[in-house]
Amino acid sequence: MKAKVVAGTLRGERITKDFPGGTRALDGVTFSVDAGRVLTLLGPSGCGKSTLLRIVAGLETATAGSLTLDGESLTDVPAGRRDVGFVFQNYALYPHLSVERNLSLALETRKVPRGEISSRVGEVAKLLGIGKLLERRPRQLSGGEQQRVALGRALVRRPRIYLMDEPLSNLDALLREGMRSELRALFGRLGATVVYVTHDQGEALALSDEILLMKDGKALQSGPPLEIYRRPADVFAATFVGSPRMTIWRGVAESGTFEARGVRFLLPDGIDERELCVGIRPEDVETMADASDGSFEATVTLVEHAGDRDLVSFRAGEEILRALAPPRDWPQKVRVRVPREKLHVFSATTERRIDRPVR
Amino acid sequence: MKRLLPRAGLAFAVAALVAWSLAPAAWQVLTALKPDRDVVRVPTVYFPHPVTFKHVASLWERKPIGVYLANSAGIAGASTFLSILLAAPAASALGRAGERRRRVLLHGLLALTVFPPILLLYPLYQGVRVLGWLNHPLALVLPYAALSLPLSIWILERGFSQIPRAVEEAAALDGLGPARRVVLIQLPLAAPSLVTAAILVFIFSWNEFMLALTFMTRDARKTITAGIASVSGSSIFEIPWGQLSAAIVIATLPLVFLVLLFEKRIASGLTRGAIKG
Chain P
354 MKAKVVAGTL
364 RGERITKDFP
374 GGTRALDGVT
384 FSVDAGRVLT
394 LLGPSGCGKS
404 TLLRIVAGLE
414 TATAGSLTLD
424 GESLTDVPAG
434 RRDVGFVFQN
444 YALYPHLSVE
454 RNLSLALETR
464 KVPRGEISSR
474 VGEVAKLLGI
484 GKLLERRPRQ
494 LSGGEQQRVA
504 LGRALVRRPR
514 IYLMDEPLSN
524 LDALLREGMR
534 SELRALFGRL
544 GATVVYVTHD
554 QGEALALSDE
564 ILLMKDGKAL
574 QSGPPLEIYR
584 RPADVFAATF
594 VGSPRMTIWR
604 GVAESGTFEA
614 RGVRFLLPDG
624 IDERELCVGI
634 RPEDVETMAD
644 ASDGSFEATV
654 TLVEHAGDRD
664 LVSFRAGEEI
674 LRALAPPRDW
684 PQKVRVRVPR
694 EKLHVFSATT
704 ERRIDRPVR
Chain F
203 MKRLLPRAGL
213 AFAVAALVAW
223 SLAPAAWQVL
233 TALKPDRDVV
243 RVPTVYFPHP
253 VTFKHVASLW
263 ERKPIGVYLA
273 NSAGIAGAST
283 FLSILLAAPA
293 ASALGRAGER
303 RRRVLLHGLL
313 ALTVFPPILL
323 LYPLYQGVRV
333 LGWLNHPLAL
343 VLPYAALSLP
353 LSIWILERGF
363 SQIPRAVEEA
373 AALDGLGPAR
383 RVVLIQLPLA
393 APSLVTAAIL
403 VFIFSWNEFM
413 LALTFMTRDA
423 RKTITAGIAS
433 VSGSSIFEIP
443 WGQLSAAIVI
453 ATLPLVFLVL
463 LFEKRIASGL
473 TRGAIKG
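One line per chain: the protein sequences are P and F, in this order.
Under the numbering used here, the first residue of the first sequence carries the number 354, and numbering increases by one thereafter.
Under the numbering used here, the first residue of the second sequence carries the number 203, and numbering increases by one thereafter.
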């Protein structure tokens with residue numbers, strides 16, 4: 354597919370969705386995707402990310418808010434007339450039609466000339482490696498193949514925006530990883546604008562240019578994956594993004610020192626609040642032999658091997674800490690240190706981040 | 203051992219049910235093949251001896267059975283087509299009408315079927331006369347299609363509702379309008395329901411007697427049911443049982459073949475509606 358895609362720019366302003374019965378699925382979510390960028394809506398199930406995607410597709414109607422594609426309002430445009438390609442979580446292929454017609458149906462209804470239909474279907478089939486499957490019915494395909502057809506059905510239309518609702522979640526782990534890389538490469542090659550929904554933070558980190566982290570129908574934080582990883586805006590974001598999960602300790606600040614249950618270490622400068630939650634990413638934990646500055650003693654309670662790293666669980670005071678460290682024969686007790694500039698500091702009352710960015 | 207007894211009981215019950223259902227039909231077949239003197243003999247003669255096709259032959263000679271069958275096939279076929287043609291969009295629209303309206307409309311349709319058709323006979327007759335449709339196939343096709351419409355809509359709506367929502371959404375996103383959605387997606391995916399509805403409407407139209415007898419007065423226009431009614435003896439005191447039985451068998455056989463032909467699909471269509479009731 355040679356750069357014939359006209360990628361669109363999508364904006365949503367304060368989108369709210371109330372379901373009958375009074376459930377508020379979305380509460381004033383604002384977001385935007387620039388042309389050729391990949392935005393991931395990330396969040397736990399029930400956070401409203403799929404609902405938001407379905408509103409963009411026109412499958413649901415927002416209760417309030419505005420939606421524009423390249424500056425034009427989408428509000429009154431029915432699903433079939435929006436220039437969007439949708440990939441369903443369970444593929445939703447037409448079981449009674451051949452792969453070829455699954456791909457071509459959208460073009461047929463849009464009165465694309467027959468010659469162009471077959472050349473476009475051919476192109477997409479080649480791109481996705483499903484050229485040999487065109488005569489088959491969906492039920493004669495493996496899960497991965499069905500997934501490709503579902504993707505192809507969106508691609509043949511050359512829409513301005515691709516919408517993907519957890520497209521990889523029905524694949525087994527191995528296939529999922531392969532498809533993830535393929536998708537990333539495909540998005541780059543097409544220069545397509547993509548809105549991608551997932552609850553898998555790894556997928557979000559791998560695929561996105563931007564992540565919109567959602568919880569309980571609200572946008573929590575948005576930004577490039579690394580920024581969200583490095584400076585999660587609150588305790589939820591901190592624990593949701595990143596695997597293995599960040600450790601969070603509750604405690605109090607006392608003249609620049611943090612004290613949790615039986616552990617003390619130095620805080621970064623400029624922390625005014627007293628009641629704190631401090632987060633430590635497993636990969637930021639350093640272990641050492643001797644008692645150097647700012648270190649504390651920890652007891653090894655569990656070692657899980659993860660290839661070139663060990664995931665080690667420690668007990669420090671009455672707190673639990675998880676760390677990623679190079680494999681070794683673990684003694685029962687070690688000294689542990691976390692550089693204070695790598696700590697994530699949150700207010701214990703609001704759970705919002707309060708440390709200042711490090712230059 | 204524990205399970206054997208209930209199984210034997212079940213087998214017996216099934217056999218009894220089959221015998222109960224088939225006995226009248228079998229009796230008709232046997233009577234059709236008996237010589238005249240055995241038909242009414244006391245004590246009853248059960249099996250024809252010798253087997254005779256005399257009744258079939260003389261029936262064919264006396265009455266244009268082939269014409270009746272052709273009329274019935276044409277009228278039942280057209281009624282079925284029309285009924286499905288009207289029911290499919292209705293069922294499709296009902297599926298998107300929202301739960302409350304859908305329920306109200308479906309139950310309204312059900313209520314209509316309770317209305318005894320005999321009450322329609324006189325008004326229909328007036329209408330047919332005014333339109334000059336006596337002895338015209340439309341006089342039967344339109345009422346048959348209309349009377350079977352609630353049934354068709356119910357069965358199709360049931361079938362459509364089994365189609366995964368995402369598939370319909372995919373169709374909407376692919377830009378399919380209501381008509382294409384029905385023809386390209388819903389009917390093919392609800393094929394068992396479609397076949398079930400079509401067969402039931404066809405059987406109803408084929409078997410309908412009252413309207414057919416009233417509106418089709420010319421022999422060449424009669425359907426098979428009306429035609430059979432005109433099989434009579436040489437006097438009003440003589441009833442030609444053999445020929446009547448032969449006529450009934452001839453009228454029923456096409457339906458039997460039809461049902462056998464689509465048996466698999468009907469079965470899955472009926473249970474389909476049953477499971478998620």
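Rather than coming from a laboratory, the hints here were simulated on the basis of the structure.
Note that the structure is predicted; figures quoted are calculated from it, not measured.
Heads up, a few of these hints could be off.
Here are the simulated distance ranges between beta carbons [stated by the list, open to error]:
#1 P/Pro-597 to F/Glu-301: 31 to 39 Å
#2 P/Asp-436 to F/Ala-299: 22 to 30 Å
#3 F/Pro-208 to P/Pro-431: 23 to 31 Å
#4 P/Pro-431 to F/Gln-364: 23 to 31 Å
#5 F/Leu-340 to P/Pro-431: 21 to 29 Å
#6 P/Glu-704 to F/Glu-301: 38 to 46 Å
#7 P/Glu-366 to F/Leu-288: 55 to 63 Å
#8 P/Pro-597 to F/Leu-206: 57 to 65 Å
#9 F/Gly-300 to P/Ser-426: 53 to 61 Å
Chain P regions said to be covered by chain F (calculated; three or more residues, Cβ under 8 Å) [what the hints assert, rightly or not]:
#10 415-422
#11 453-462
Note that beta-carbon positions come from the ideal geometry of N, C-alpha and C, so glycine has one too.
We went through each hint and held it up to the structure:
1. P/Pro-597 to F/Glu-301: 31 to 39 Å: violated, 45 Å
2. P/Asp-436 to F/Ala-299: 22 to 30 Å: Holds, at about 29 Å.
3. F/Pro-208 to P/Pro-431: 23 to 31 Å: Hint violated: Cβ distance 57 Å, outside 23 to 31 Å.
4. P/Pro-431 to F/Gln-364: 23 to 31 Å: Distance hint for P/Pro-431, F/Gln-364 holds at roughly 25 Å.
5. F/Leu-340 to P/Pro-431: 21 to 29 Å: violated, 39 Å
6. P/Glu-704 to F/Glu-301: 38 to 46 Å: holds, 40 Å
7. P/Glu-366 to F/Leu-288: 55 to 63 Å: violated, 45 Å
8. P/Pro-597 to F/Leu-206: 57 to 65 Å: holds, 59 Å
9. F/Gly-300 to P/Ser-426: 53 to 61 Å: violated, 26 Å
10. 415-422: violated (count 0)
11. 453-462: It holds: at least three residues are needed, and the segment 453-462 of chain P offers 3 whose Cβ sits within less than 8 Å of chain F.
Hint check: violations occur at hints 1, 3, 5, 7, 9 and 10; the rest are consistent with the structure.
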